[in-house]
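Student: Based on the provided sequences and hints, a complete structural model is requested.
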Amino acid sequence: MAKKQYDLLFKLLLIGDSGVGKTCILYRFSDDAFNTTFISTIGIDFKIKTIELKGKKIKLQIWDTAGQERFHTITTSYYRGAMGIMLVYDITNARSFENIAKWLRNIDEHASEDVVKMLLGNKCDMTDRRVISKERGEKIAIDHQIRFLETSAKSNINIDKAFYDLAEAILDKMPSQSSTNSMSIRPVEQESNKPQGGCC
Amino acid sequence: MNDNIVDKSLEVLKDYDKFEPIVVRRENRLSNIPNFYGEEFHGVLRRSAAEEMLRRAGEGAYLIRLSTSESCILSIIFNGKIFHYETNFDGSYLINGKRFSNVSKMVKNGFEIIEKHEMSNEKDNETENVKLLKLSHSFKSYQFKVPKNCNFCQNKIWGPFQKRQKCCNCGFSSHQNCSSKFAHDCLPNLKYMKRIFGVDLIVLCLAHNAEIPKIVEKCIEEIEKRGLKTVGIYRMSGSEEEIEALKNKFDGGSEVDLTVIKDIHSICSLLKLYLRSLPNPLIPCKILEIIFEQFQMDQPKTDEQKIEILRNELSKLDIFRRKTLACLFRHLKNVVQFSVQNRMDAHNLAIIFIPTLFRSLSIMDYGFKIKPAYFEIIKFLIEMPDIILV
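Sequences listed follow chains C and Z, in order.
Quick note: the first sequence, position 50, residue 50 per full-length UniProt numbering, numbers continuous.
Quick note: the second sequence, position 185, residue 185 per full-length UniProt numbering, numbers continuous.
Check each hint, because a few of them may be wrong.
Derived coverage of chain Z by chain C (criterion: at least 3 residues anywhere in the stretch with Cβ under 8 Å from a Cβ of chain C; other residues may be distant) [stated by the list, open to error]:
(1) 236 to 244
(2) 272 to 280
(3) 335 to 349
Some chain C residues near chain Z, calculated using beta-carbon distances under 8 Å [said to hold, decoys possible]:
(4) Ser18
(5) Gly19
(6) Phe38
(7) Ile39
(8) Ser40
(9) Ile42
(10) Gly67
(11) Gln68
(12) Glu69
(13) Arg70
(14) Arg95
(15) Glu98
(16) Lys102
Don't read these hints as lab results, they were simulated from the structure.
Built from N, CA and C at the ideal position, the CB exists for glycine as well.
Tutor: Put into structure tokens, the structure is as follows:
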């Protein structure tokens, strides 16, 4: 088939403390499955899913990282190419919420500046064990001006919405596309029309 | 002369009087002998030759010689071991900053130092290993605020053009030129060490006079006490802030009470951080590679053969690494025994401890999967630490 199967390719990255459910979120989204095994991710892994948004076929390449500290040197090298980052914490685990600051610092350090961020409070089905209220999550999201959702990979709450929202935000941020052929590189006519000036 | 000042140290020496120093007399005639040395002075003499002469003369023998670098050295044999000290003369006999009125007293003091040294080491019967390690000094340029005597040539380290060096593990300080002449005889002292994380395991153990780094011992003790049944033990991340604070406390050398740390995951993370920050991994890359190659070699190996390989290779490690590994894996074995409660089986622990213990990137194949051989190594270690790490 000569025709491309998608119009746009978005690279997304899942980060967060160990055991908050990054892999589970990804599996729910890509395979609509939930697995109760308790196994750490090794290094980095990825899944692909194509979605349709605003009449465009968007291929999401989602990178799932290991939360283990030791893998950080590997995982941080994937930050740069990411267009969207999902930062996950566990609402039943106060520590994972406190460490958000560290993860945000990591993003600032390693990711490109215009990356779209999103905060996810996972495991929101476990109401009886909740220690981080939704308000606290919302507040920190507002403070850092990032999107926020509470999710549950187990009960399939907000998982699809999270990925669609993030993809939409990236799409909105892109320079306006007049054609579906946006992936190809075109000479930038607009910029040459700009008034001359600035430093160098 | 100034005997009354000098001989204060004699009170301590009393017990050593029964060891009368034996002079190893020089055989051939020598010109230009310093007038303050007698027949014990041998002129330029190599260390190996001196040791041979001392052994022939027997217990309590001593001689004074010039090393190839022209520094004056007192060599003694005591308790069957030979020691070499830098010595100097400036009106009285100098050794390690102490003054003596004659050579015989200086030698007796040497006996005393050796005796003390032996006693402190006899606490554990692994002294031989400690001696064999021959740690070299890790010198760093250092700005002395007050003039200080060089521990090697006894002259002052002084003046704007003098380069000064200080060993950051044992505090030995010397001229830059002298520092290259030192033997590998560093005895680390906690007083001079500014941190714990990132310090070589052997150096730290020697400084603590322990077989296992204190921090490892403490963390494991605490986790055994209250973490064995915690879900996701070792997997969950600890609080970044708390880990940082704990690390600073340990580095600062203060006594750390881990029982007040509520979050057991922070303690696990601290232990993992310590192991990761070792400049030489617990199982050095070289040995790991050898094990890996032997696992792959020729026809498939049975479990027994693999265990034998592990046992063989790991027995080459120094005593501190072996003890620390044994302590760690006995603990992990305990963790696995509670895997129904904590959900951490051997495989799951291996994912976490492989990158913590084995630093080289060769553990991963393309696509970031850990090679199966490394899983096997960790699994064998967890299953039978007492058999492999004898």
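Student: It remains to establish, for every hint, whether it holds in the given structure.
Tutor: Now for the hints, and whether the structure bears them out:
Counting residues of the region 236 to 244 of chain Z whose beta carbon lies closer than 8 Å to any beta carbon of chain C gives 6, which meets the minimum of three for the stated coverage. With a cut-off of 8 Å between beta carbons, the region 272 to 280 of chain Z has 3 residues touching chain C; three or more are needed, and the interface restraint holds. Restraint check on the region 335 to 349 of chain Z versus chain C: 4 residues with Cβ-Cβ distances below 8 Å, three needed, restraint holds. Residue-level restraint check for Ser18 of chain C holds (minimum Cβ-Cβ distance to chain Z is 5 Å; threshold 8 Å).
Given hint, Gly19 of chain C at the interface with chain Z, holds; its Cβ is 5 Å from that chain's nearest Cβ, closer than 8 Å. Using the Cβ-Cβ criterion of 8 Å, the hint placing Phe38 of chain C at the interface with chain Z is satisfied: the shortest such distance is roughly 4 Å. The closest approach between the C-beta of Ile39 of chain C and any C-beta of chain Z is roughly 6 Å, which is under the 8 Å cut-off, so the hint is satisfied. About 5 Å separates the beta-carbon of Ser40 of chain C from the nearest beta-carbon of chain Z, less than 8 Å, and the hint is met.
Taking 8 Å as the C-beta contact cut-off toward chain Z, the hint placing Ile42 of chain C at the interface holds, the least distance being around 6 Å. With a cut of 8 Å, the hint placing Gly67 of chain C at the interface with chain Z holds, because the nearest CB-to-CB distance is about 6 Å. Hint on Gln68 of chain C holds. Least Cβ distance to chain Z is approximately 6 Å, under the 8 Å limit. Evaluation of the Glu69 of chain C hint against chain Z yields a held restraint, the C-beta minimum of about 7 Å falling below 8 Å.
With a least beta-carbon distance of about 4 Å to chain Z, the hint placing Arg70 of chain C at the interface is held under the 8 Å criterion. Hint on Arg95 of chain C holds. Least Cβ distance to chain Z is approximately 5 Å, under the 8 Å limit. At about 6 Å, the closest approach between the beta carbon of Glu98 of chain C and any beta carbon in chain Z falls short of 8 Å, and the interface hint on this residue holds. Taking 8 Å as the C-beta contact cut-off toward chain Z, the hint placing Lys102 of chain C at the interface holds, the least distance being around 5 Å.
Of the numbered hints stated above, none is contradicted by the structure.
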